[in-house]
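Engineer: Residue numbers (the working numbering), protein chains in the order written: chain A, 1 to 94; chain B, 1001 to 1282.
Hints should not be assumed to be uniformly reliable.
[Unchecked claim] When the alpha-carbon atoms are kept at most 27 Å apart in a straight line, the in silico DSSO-like pairs for lysine-lysine are as follows:
id, chain 1, residue 1, chain 2, residue 2
1, B, K1127, A, K70
2, A, K85, A, K65
3, A, K85, A, K16
4, A, K18, B, K1194
5, A, K70, B, K1126
6, A, K18, A, K70
7, B, K1213, B, K1127
8, B, K1127, B, K1058
9, A, K70, A, K10
[Unchecked claim] Some but not every residue of chain A turned toward chain B, in silico, with C-beta under 10 Å:
id, residue
10, T23
11, F25
12, D43
13, D45
14, S46
15, L47
16, D48
17, S49
18, F50
19, D51
20, L52
[To be verified] Here are some chain B residues pointing at chain A (derived, C-beta under 10 Å):
id, residue
21, R1084
22, E1151
23, I1154
24, L1181
25, R1183
26, R1186
27, E1245
28, N1246
29, A1251
30, R1252
These are computed hints drawn from the structure, not numbers from a lab.
Where is the CB? At the ideal position from N, CA and C, for every residue including glycine.
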Amino acid sequence: MSERIGVLSKDEVLEKLKDVLATGFGLRGEQVVPTARLVEDLDLDSLDSFDLVVRLEQETGEEIKEDDLKSIQTIQDIVDVIHRKLESRESRQV
Amino acid sequence: MVGRSLPSTAAALRERVSHWWRVFRAGLAFGVFGVGALVIGLVVVPILRLIPGPRRGKEIRTQTLVHLGFRTFVWFMEGLGLIRVSRIGTERLRRKGPYVVIANHPTLIDAVLLLACMPQADCVAKKAAWNNAFLRWAVRGAGYIPNDEGEALINGCATRLGEGRCLLLFPEGTRSPMGQLGRFRRGAARVALKTGCDVVPVVITCDPPFLVKGQKWHQLPDRRVCITLTVEEPIVSKDYANRHENVAMGARRMTASIRALYEQSLGYARVHTPEVEERARR
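Based on the provided sequences and hints, a complete structural model is requested.
Structural biologist: So, in structure tokens, the structure goes:
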């Protein structure tokens, strides 16, 4: 069951993330599972991570800070960070 | 019984003497390297820097000096019977830049062997070299690029290529694990795509393994080491600069193709990608 917050649920964030990783890095949808590790499983290097952050910031309109990046190891970590940011924006707007 | 053990004792003694003789020669070679690096760094580089002119000229003069020093060192190691170097197509590395030279990294002395073939080459020096008492002066004088992370490193490399210089990179970033390739980073492909420069792959083989990662300088094989440097056909970066995809994707494709080329050349795996097949046809 999807957890719905504001306009996007975590499942929807994951789908958006799959799009970004497919168009930006050529990763196939089936590779982008919540447990996939960015470096070991998806072979994203430091420059890719930088590009990914820029793309996610453009997509979400939210700044991703260095502290957020420290906690990111897997796809699920990214989904959680994005979801938390969207949730916080939603609560600010309310 | 006694008759049998005597020859084997003599053989063991011969082997031991031979081992220590090799260790002595290797120690002599590395000692000469250290003293030479200090003399070059503390005496010759400062003198060269006194010659008036722009930074670029001073760096290139120092790089030429490093090239000549390494050529002498390789010749010295060959003369001592420690290594035998076969060079296939290395005359291509004497061409003027800009281009990127890449290589696998089976031994500690790969950079020395390649810089000995390249009259001018910038390279990325790891932090250990910047702080090494013997190397730091030459590394700084030659304007080598610090091994920073991310965009700073790419920009440093692109600037050198933009000045028409040659750049030497090891895509694995460190020495290869014995008998295999490490993970290939995409920095070389990104630099090539950013600048439009071609990539010249050099395949290095070393038999028996010598100065591999984790091995001490005195842990030497029991025979002369045969090292082969084979310069392959350049990889044209424009082939990977597809207007329908971004640099990250182009760099992935290019790096996969480069890795496949190395796997094929070294016989580590049978790899068939459209790019490798096309290159094989050409």
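Engineer: Taking the least C-beta to C-beta distance, is E1245/B closer than 10 Å to chain A?
Structural biologist: holds, 7 Å
Engineer: If you take the shortest Cβ to Cβ gap from D45/A to chain B, is it below 10 Å?
Structural biologist: With a closest approach of 6 Å, the D45/A hint holds.
Engineer: For the hint on N1246/B, just tell me whether its beta-carbon gets within less than 10 Å of chain A.
Structural biologist: holds, 6 Å
Engineer: Using Cβ atoms only, decide whether T23/A comes closer than 10 Å to chain B, and label the hint accordingly.
Structural biologist: holds, 8 Å
Engineer: Let me know if the C-beta of R1084/B comes in closer than 10 Å to any C-beta of chain A, holds or violated.
Structural biologist: violated, 36 Å
Engineer: Would you check the hint for K1127/B and K70/A, treating anything up to 27 Å between C-alpha atoms as holding?
Structural biologist: holds, 23 Å
Engineer: Just to be careful: measuring from the Cβ of L52/A to every Cβ in chain B, is the smallest value less than 10 Å?
Structural biologist: holds, 9 Å
Engineer: With chain B as the partner, please determine if D43/A meets the hint condition of a C-beta pair closer than 10 Å.
Structural biologist: Check passed: Cβ of D43/A comes within 8 Å of chain B, closer than 10 Å.
Engineer: Holds or violated: D48/A as interface residue toward chain B, Cβ cutoff 10 Å?
Structural biologist: holds, 6 Å
Engineer: Quick one, is the L1181/B hint okay against chain A at 10 Å, beta carbons?
Structural biologist: violated, 14 Å
Engineer: Hey, K1127/B versus K1058/B, does the alpha-carbon distance stay inside 27 Å?
Structural biologist: The hint holds at about 22 Å.
Engineer: Holds or violated: is there a CB of chain A closer than 10 Å to the CB of R1252/B?
Structural biologist: OK, holds: R1252/B within 10 Å of chain A, min 6 Å.
Going through the hint list in order, the structure does not satisfy hints 21, 24.
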